[in-house]
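**Student:** Chain residues, written in single-letter form:
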Amino acid sequence: MNLFHTGLLRYLKPEQLDRLRQTRVGIAGCGGLGSNIAVLLTRSGLENFILLDRDTVEASNLNRQFFFLSDIGRPKTGALTQYLRGINPEVKTVLFQETWSPQNPDRFAGCDIVVEAFDRAGFKKSFVEFYQSRAKYVISGNGMAGYQRPQPLAVRQIKNIFIVGDATTDITNGFAPFAPRVTACAGLMADIALSLVLN
Amino acid sequence: MRITLNGKATAFENDLLLRQLVQNFCRQPEHVIAEVNGEIVKTDHWDQTVLKEGDVIELVGFVGGG
Numbered sequence: 009m010n011l012f013h014t015g016l017l018r019y020l021k022p023e024q025l026d027r028l029r030q031t032r033v034g035i036a037g038c039g040g041l042g043s044n045i046a047v048l049l050t051r052s053g054l055e056n057f058i059l060l061d062r063d064t065v066e067a068s069n070l071n072r073q074f075f076f077l078s079d080i081g082r083p084k085t086g087a088l089t090q091y092l093r094g095i096n097p098e099v100k101t102v103l104f105q106e107t108w109s110p111q112n113p114d115r116f117a118g119c120d121i122v123v124e125a126f127d128r129a130g131f132k133k134s135f136v137e138f139y140q141s142r143a144k145y146v147i148s149g150n151g152m153a154g155y156q157r158p159q160p161l162a163v164r165q166i167k168n169i170f171i172v173g174d175a176t177t178d179i180t181n182g183f184a185p186f187a188p189r190v191t192a193c194a195g196l197m198a199d200i201a202l203s204l205v206l207n
Numbered sequence: 009m010r011i012t013l014n015g016k017a018t019a020f021e022n023d024l025l026l027r028q029l030v031q032n033f034c035r036q037p038e039h040v041i042a043e044v045n046g047e048i049v050k051t052d053h054w055d056q057t058v059l060k061e062g063d064v065i066e067l068v069g070f071v072g073g074g
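Same order as they appear, the protein sequences are chains A and B. Just so we're aligned: the first sequence equals residues 9 to 207 in this note's numbering. Just so we're aligned: the second sequence equals residues 9 to 74 in this note's numbering.
Computed footprint of chain B on chain A; a stretch qualifies when at least three of its residues, placed anywhere within it, have a C-beta under 8 Å from a C-beta of chain B:
1. 28-42
2. 125-133
3. 171-178
Don't read these hints as lab results, they were simulated from the structure. Cβ coordinates follow ideal geometry from the N, Cα and C atoms, glycine included.
Chain B on its own, in the form it takes in the complex:
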């Protein structure tokens, strides 16, 4: 399965949940929002979101300061 992750083509051998992707790629998932094909997917739905061929995913990590 090939997806685009933060602008880069990325391939995976197995099916993947959004939560697994976030946990593999982000040091602090509790600070990350996930956009799948232009829509924000809330954290509560990460376990039900199965990634599909061609998905375009942006993971945006927040940092402290305001």
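Extracted from the complex, chain A is given alone in its bound form:
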């Protein structure tokens, strides 16, 4: 129990905090969705993460991802771990700086919840198909780009899978990603994860 936990107990019962601290979440992709989801879940009391992302931070990431100018060139998984521990020093992360493939060893085995936060649609499909029978819950992001009177963000549930987004705004088809909508989608996805742990 650290000072951060003490603060959280204003809002959570001790048994709820225990449950959050024991839950392991896998985050596949630490970009606009994944980095923000990790921060939101850390603030909510989760502290056990497996983070997978092949990339280093680039200047073009800073319009929406939870990184800073001084992070440019750093692996995203490592930089993110530093910020999560800045909120809660007891955060434990297992890091994989690699490309996800269903042919690789399963990096998210043992996770209670896996979050799909890749940018490419082909990866999203393969990941959801792969984990729908392996993970207890899968939360996937689908359409969160653009601005100005966008399509509403919706949650579609298929059994243990939650697909969040507008299913329309495609970054490869005329929509650029911007912080307000990307973080709104990250917030919805994190809220689903939180409710799955606490309910």
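Starting from the known structure of chain A, arrange chain B on it as the hints suggest.
**Tutor:** This is chain B only, laid out in the frame that chain A set:
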């Protein structure tokens, strides 16, 4: 044969495989997951999945961004 496709009643004259349905209705099948009667059917099984009268099918297309 009548099925419900993404919430709409849809009729077909001939038998249909799930793969044919996806290819007819989706521009990018490589970005689509298919749910048949509440279960995800993986892409590897689309060729063996023959649609039946009354099936409820949801095709969900992923778009890029994350």
